[in-house]
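**Q** Okay, here's what each chain looks like letter by letter:
Number of protein chains: 2
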Amino acid sequence: MSRPTPLSGFPEFLPAQRVVEQQVLTTLARTFELHGFANLETRAVEPMDQLLAKGETSKEVYVLKRLQDEGTGDAGMGLHFDLTVPFARYVMENAGKLEFPFRRYQIQKVWRGERPQAGRFREFTQADIDIVGRDGLGFHHDVEVARVMAEALGKLEFLPGFRLQVNNRKLIQGFYAGLGASDPLRVMQVVDKLDKMPAEKVGELLVSDAGLSGEQAHRTLALAQISSTDTSFVEAVRALGVEHPLLEEGLRELAAVIEGCAPITTDRIRIVADLSIARGLDYYTGTVFETRLDGFESLGSICSGGRYDSLASDGRSTYPGVGISFGVSRCLVPLLGDGVVTSSRSVPSAVLVALTDEESRPAADATAQQLRARDIATEVAPKADKFGKQIKYAEKRGIPYVWFATADGDQVKDIRSGDQVAADAATWQPPGEDLRPQIVLPDRDN
Amino acid sequence: MSRPTPLSGFPEFLPAQRVVEQQVLTTLARTFELHGFANLETRAVEPMDQLLAKGETSKEVYVLKRLQDEGTGDAGMGLHFDLTVPFARYVMENAGKLEFPFRRYQIQKVWRGERPQAGRFREFTQADIDIVGRDGLGFHHDVEVARVMAEALGKLEFLPGFRLQVNNRKLIQGFYAGLGASDPLRVMQVVDKLDKMPAEKVGELLVSDAGLSGEQAHRTLALAQISSTDTSFVEAVRALGVEHPLLEEGLRELAAVIEGCAPITTDRIRIVADLSIARGLDYYTGTVFETRLDGFESLGSICSGGRYDSLASDGRSTYPGVGISFGVSRCLVPLLGDGVVTSSRSVPSAVLVALTDEESRPAADATAQQLRARDIATEVAPKADKFGKQIKYAEKRGIPYVWFATADGDQVKDIRSGDQVAADAATWQPPGEDLRPQIVLPDRDN
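These protein sequence lines are chains A and B, in that order.
Following my numbering, the residues of the first sequence are numbered contiguously, the last one being 446.
Following my numbering, the residues of the second sequence are numbered contiguously, the last one being 446.
Possibly wrong hints are sitting among the right ones.
Said to hold, decoys possible - Under the rule of at most 20 angstroms between Cα atoms (straight-line distance), these lysine to any residue pairs were calculated in the SDA-like manner: (1) Lys109(A) x Lys109(B); (2) Lys65(B) x Lys396(A); (3) Lys97(A) x Ser2(B); (4) Lys59(B) x Met48(B); (5) Lys109(B) x Ser329(B); (6) Lys396(B) x Asn94(A); (7) Lys155(B) x Val440(B); (8) Lys201(A) x Gln225(A); (9) Lys109(B) x Pro47(B); (10) Lys383(A) x Phe139(B); (11) Lys97(B) x Asn94(A); (12) Lys193(A) x Ser298(A); (13) Lys109(B) x Glu123(A); (14) Lys65(A) x Gln68(B); (15) Lys97(B) x Glu395(A); (16) Lys109(A) x Arg18(B); (17) Lys196(B) x Ala222(B); (18) Lys396(A) x Arg18(B); (19) Lys392(A) x Asp414(A); (20) Lys383(B) x Leu98(A); (21) Lys65(B) x Glu123(B); (22) Lys396(A) x Arg134(B); (23) Lys97(A) x Val440(B); (24) Lys392(B) x Gly337(A); (25) Lys109(A) x Gln126(B); (26) Lys155(A) x Lys65(A); (27) Lys386(A) x Gly418(A); (28) Lys109(A) x Glu12(B); (29) Lys389(A) x Thr356(A); (30) Lys97(A) x Leu7(B); (31) Lys109(B) x Lys389(A).
As the list claims (entries may be wrong) - Using C-beta positions, here's what the derived DEER-type ranges look like: (32) Arg120(B) x Val421(A): 40 to 48 angstroms; (33) Thr229(B) x Pro116(A): 50 to 58 angstroms; (34) Asp195(A) x Asp408(B): 20 to 28 angstroms.
Just so you know, the hints here were simulated from the structure itself, not pulled from any lab data.
A virtual CB, placed ideally from N, CA and C, is assigned to each residue, including glycine.
The whole structure should be built from the sequences, with the hints applied where relevant.
**A** Spelled out as structure tokens, the structure:
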């Protein structure tokens, strides 16, 4: 085999990097569970008609074909491109066996059949939470998902601060309608370009493409510039002099999210009403979320979602929901790739038991097993090399302790300090921070 | 959307079943880590030439095709059908950044592009451990992977007992060579049919297909009938009067595995020399493993593996390895599907905080947050329904405790016993077994 090269768009981690990802996933999962979210894992494939059901033919889907199949065979199946489509299908398939409102989290890979190009993922991991009801879902769940995700991201202590930006579709659509726009949806699509082109250019498009007057375009841009960390945005919107019942409902809802999230905001975790956020996707009907990481704005939104009035419908019932999705790979791949964050060692082992000679392996195994029984990850040296070489083995992997059976009894050496002390495998305990690999920030720590 | 139906061969779990799978994966992962195995996750796809490199064209592979690609595009990629091929590729790709011997575990889905049929998985989860060396790997690692996997399976307390069956390719190939067989590999392939056809029929095939004399066939079958939980198999083999240096080496190695595993065997965990085990795959060169679950022999081997002298080779170095793979889905899907095992509740929540009225939601949220801060999974009632209805909500999900804010202070009710006591969210603690969903065995518990 000649040396294989990485496949563009399919990121993989080295062991020390994977430690960071694992700890991130564990923290997210535990936070979601503390809030009552049950875990689900759905199959990787869905029928093509489901994948294309929303009419989003722009979705790049990987279609599956059996190697040994001459005919069409499984041509009707493709890899899921998000976790929402499979979740909607799962809810419909199992509606009779689920209890509503149903809270679930799902952490899985998704695939996009894109042309290979720099910076584009073709396989990546997402962590989604959603709450779905049957024929109704209280608005307070919009507040809940924002709080839960903000709390989960906040627990990732190595992340810089972030801004969870909230807006409301009813608010902006009501505003455009109150303004007299003939095609509020088109206005929204043009406003959504604000992060890609200057406001002036967007203003021109609002006139030429969305049929607004200059004055209407001006007020539309003024709305998009409003943002606040408290409910003062309400007065700022009212000052623009537009009135519409849908606008009022949107203002009330957005204010409720901002107020409801106030108890968990900190300098690092900011939850902001930002009236420029629209989300391109058609299915959102109320609250919408995006998230920017301080200093990493170029990553775009690392965490997005919103309220949808109908996740699915089977004729008898509709299933409204609200959810938010964290782009695990989108956030971690650049941070790990640039070495902003890594872990203190590439193996779980806290201890290497050294070998005096090959005959002492059973005794070394027994020592290791005593340590493992007390939750201390331990490996035994692969060979009875000179001790210097065995210590080197530990050093290369970042294993902090080497254990020796000496004529005077067992001893353990902290190879970072060189301190060596007598120890008993039945009772010796390393400091808590040495028990498992730690996340480290090389630049900030040095 | 009309109600979707399950896709044959793509098993999915209900939330309570997924709890069991999650706990199994957590137990496996922690056991592997205690033995120093680092976790890896590889991408789902590999180049087709890698997937087909072993010449096993019988492997059913799912080939990927981009929906919007007219030409050949990504036709060169397919979904991995095991975790060994991706691991070999990963080791080659990253050899310069890994430390050898390299221990890794990998728990991922794999796919087989099979024709849909009952009992055949097209997507399933495997948990693999492997140790790979560069230009050499001590034999004691064969003992190590057997011990680690047996210990991990042993910790799955809901599983019945099991038999880890060990054999050695050198032993059987040396025996056939010593017997004078002209094509030892062909003999092995015929012997491998012993679990599918009667010994008499296999004996006939050994003569007609593998070119053995009646006497040679007789001794070949006699070898396959030898099994022992200690090293007494060595004498039983010698009694057959065949001699060959490779046979001697195989006997020594197999005896070493059986002796090395003796410290961890129990009534439930048996490690057995079983000379009928051959494993169909070409790449094993020494130790081979299979595993049968007591009372579920029809599942076949739930955990298999062995030693391979060359996982990969890049011209400069070869990478020998030894590994073993547990078929998580193969084992759990039938046990969960038949209701042999399930979990005590379908949600992580230990507590539901009841609502007196919608105005008290912020206070209820604060109570819930106090409990969560002490690692008690808690949800707040979705609506301020009558208390009876809120208790019903908890009951349906298996949540054991409901929390009430009363005029006399907070109280908590164990809804199984009906006991209701005063409680403080800053200090109240449920019994440990109520903290997280428990694995339960309905038949054995009733």
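**Q** If a hint holds in the structure, say so; if it doesn't, say that too.
**A** Right, here's what the structure says about each hint:
1. Lys109(A) x Lys109(B): Given that 20 angstroms is the threshold and the Cα spacing comes to 11 angstroms, the pair holds.
2. Lys65(B) x Lys396(A): violated (42 angstroms)
3. Lys97(A) x Ser2(B): Holds, because 17 angstroms separates the two Cα atoms, which is no more than 20 angstroms.
4. Lys59(B) x Met48(B): holds (11 angstroms)
5. Lys109(B) x Ser329(B): holds (9 angstroms)
6. Lys396(B) x Asn94(A): Distance of about 16 angstroms is within 20 angstroms: holds.
7. Lys155(B) x Val440(B): Within the cut-off at roughly 15 angstroms; holds.
8. Lys201(A) x Gln225(A): Distance ~15 angstroms between Lys201(A) and Gln225(A) Cα, so the pair holds.
9. Lys109(B) x Pro47(B): Measuring from Cα to Cα gives roughly 17 angstroms; hence the hint holds.
10. Lys383(A) x Phe139(B): Since the Cα atoms of Lys383(A) and Phe139(B) sit roughly 11 angstroms apart, the hinted pair holds (cutoff 20 angstroms).
11. Lys97(B) x Asn94(A): violated (46 angstroms)
12. Lys193(A) x Ser298(A): holds (15 angstroms)
13. Lys109(B) x Glu123(A): holds (14 angstroms)
14. Lys65(A) x Gln68(B): holds (15 angstroms)
15. Lys97(B) x Glu395(A): holds (15 angstroms)
16. Lys109(A) x Arg18(B): Roughly 17 angstroms between the alpha carbons, so the hint for Lys109(A) and Arg18(B) holds.
17. Lys196(B) x Ala222(B): Cα-Cα ~17 angstroms, so holds.
18. Lys396(A) x Arg18(B): Outside the cut-off at roughly 38 angstroms; violated.
19. Lys392(A) x Asp414(A): The hint holds at about 13 angstroms.
20. Lys383(B) x Leu98(A): Distance of about 18 angstroms is within 20 angstroms: holds.
21. Lys65(B) x Glu123(B): holds (18 angstroms)
22. Lys396(A) x Arg134(B): Distance ~16 angstroms between Lys396(A) and Arg134(B) Cα, so the pair holds.
23. Lys97(A) x Val440(B): The hint holds at about 19 angstroms.
24. Lys392(B) x Gly337(A): violated (49 angstroms)
25. Lys109(A) x Gln126(B): holds (16 angstroms)
26. Lys155(A) x Lys65(A): Between Lys155(A) and Lys65(A) the Cα gap is close to 42 angstroms, so the pair fails against 20 angstroms, i.e. violated.
27. Lys386(A) x Gly418(A): holds (17 angstroms)
28. Lys109(A) x Glu12(B): At roughly 16 angstroms apart (the allowed maximum being 20 angstroms), Glu12(B) and Lys109(A) satisfy the hint.
29. Lys389(A) x Thr356(A): Holds. Lys389(A) to Thr356(A) sits at ~12 angstroms (cutoff 20 angstroms).
30. Lys97(A) x Leu7(B): holds (18 angstroms)
31. Lys109(B) x Lys389(A): violated (38 angstroms)
32. Arg120(B) x Val421(A): 40 to 48 angstroms: Cβ of Arg120(B) to Cβ of Val421(A): about 57 angstroms, so the range 40 to 48 angstroms is violated.
33. Thr229(B) x Pro116(A): 50 to 58 angstroms: Holds - the Cβ-Cβ distance for Thr229(B) and Pro116(A), about 54 angstroms, lies within 50 to 58 angstroms.
34. Asp195(A) x Asp408(B): 20 to 28 angstroms: violated (54 angstroms)
The earlier numbered hints that this structure contradicts are 2, 11, 18, 24, 26, 31, 32, 34.
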